[in-house]
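Asks: One line per chain: the protein sequences are A and B, in this order.
The working numbering puts the first residue of the first sequence at 327, with every later residue one more than the last.
The working numbering puts the first residue of the second sequence at 14, with every later residue one more than the last.
Rather than coming from a laboratory, the hints here were simulated on the basis of the structure.
There may be inaccurate statements among the hints.
Listed next, the stretches of chain A that the computed footprint assigns to chain B, with coverage defined by at least 3 CB atoms under 8 Å from CB atoms of chain B [stated by the list, open to error]:
1. 361-370
2. 493-503
3. 514-526
4. 542-556
Distance condition first, Cα-Cα at most 25 Å in a straight line; then the derived SDA-like pairs of lysine to any residue [what the hints assert, rightly or not]:
5. LYS37(B) / ARG18(B)
6. LYS333(A) / ARG18(B)
7. LYS94(B) / ILE341(A)
8. LYS551(A) / HIS67(B)
The beta carbon of each residue, even a glycine, is placed where N, CA and C say it ideally should be.
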Amino acid sequence: MAKANQKVHPLEELIRTERLPHIWCPGCGVGTVFSACLSAIQETGIDHKKFTMISGIGCSGRGAGYVKLDSFHTTHGRAIPFASGIKMANPSLNVIVFSGDGDLFAIGGNHFIHAARRNMDITVICINNFIYGMTGGQVAATTPHMDRSATTPYGNPETPFNLPLMAYASGATYVARWTMIHSRDLTDSFVEAINHRGFSFIEVLSPCPINYGRRNKIKSLNMLKMFADNTIIKNNADPAQLDIDFKKGIVLGKFVDIDKPTPDENYEKICAMRE
Amino acid sequence: MKYWRAPLDTNEIQVIRGKVYIIKDRCKGCGYCIEFCPREVLEFSKEFNVKGYHPPVVKSDGCLNCHYCELLCPEFAIYTKEVEVVEKEEHAG
């Protein structure tokens, strides 16, 4: 298949092309978020050897397998503990956690809270597709109220998490939310988050055409149009007002950007002096 | 684009032009690039790729190299590159 003028995608140097096509379904937003993340890595201009990508289990967890960086595909929900460990062992690395809502907030919820509380210097990218996609579309901690899933055929009776509020309340110092269709803002936000000192959290809304869209009668293209039409960009909005309700409109933007010492700096200041 | 009068610097401004490159066999036919192209330069092709999807084809040369298809494509299957615009001297006068 050697072509005379081989087409080379600009992100080719960061992807393991021999593993393409990836496993994500046609219309899945994870690929777009992944490419935005890689563009951000390129845009920062930092040496690629200074990056590590960690992901947990789930559709988006496959991200670590496709990136041509040092990467870890960890056990379910434990992406953040691995990332914290890597950051503590080698503080010069830029650690990116690329994982899904089920992995980070259902099984790994406690790890998220405590990493945010400590203000670990890592970047957490959470792809929120409103459902457990890989396991067959069970109801997740982020499924909107009254939406159908494999385990809630009459509609989800529960209230979903408000992820930016949770991150803010736990002590994250950079909190943003975008959808996959706002890819330019998303890439800028990733660059900001990578350069940010402290715990940065970005929630990215993404369509799941097979397990969420099919059961809720939304085609992936219509879901993207919904992301474009029913969202409001409002930076510095109150995190308590950020619950996901498509009828009311979803608020996007950068909500929190504060400066706080990281555990490494605190350790240097408080413990290392006594030794 | 129509103006009620031509802007004063029309002749001086160089509009950037782009060329779309499509890696056909990576495409899974989601149609995002076709739907969201601001200049509507793409459409589904009639033919199939290796996996049986209809990849996009370029139908008109309106690409302005905005890279939006490249950013939106989940499959790393499309990208744009700037092309050199030949100076249009005859329009200046």
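Asks: Within the assertion that chain B covers the stretch 542-556 of chain A, do at least three residues meet a Cβ-to-Cβ distance smaller than 8 Å?
Replies: holds (count 3)
Asks: Go check the stretch 361-370 of chain A versus chain B for me, would you? Three or more residues, Cβ under 8 Å, otherwise it fails.
Replies: holds (count 3)
Asks: Between the alpha carbons of LYS551(A) and HIS67(B), is the straight-line distance 25 Å or under?
Replies: Measuring from Cα to Cα gives roughly 22 Å; hence the hint holds.
Asks: Do three or more residues of the stretch 493-503 of chain A come closer than 8 Å to chain B, measuring C-beta to C-beta?
Replies: violated (count 0)
Asks: In terms of beta carbon proximity below 8 Å, does the stretch 514-526 of chain A have 3 or more residues touching chain B?
Replies: Result for this restraint: violated, n = 0.
Asks: Verify the proposed pairing of LYS94(B) with ILE341(A), using a straight-line Cα cut of 25 Å.
Replies: Roughly 19 Å between the alpha carbons, so the hint for LYS94(B) and ILE341(A) holds.
Asks: Is the hinted pair LYS333(A) and ARG18(B) satisfied, with a Cα-Cα distance of at most 25 Å?
Replies: 42 Å, violated
Asks: Is the straight-line distance between the alpha-carbon of LYS37(B) and that of ARG18(B) 25 Å or less?
Replies: 42 Å, violated
This entry does not satisfy hints 2, 3, 5 and 6, going by the numbered hints stated previously.
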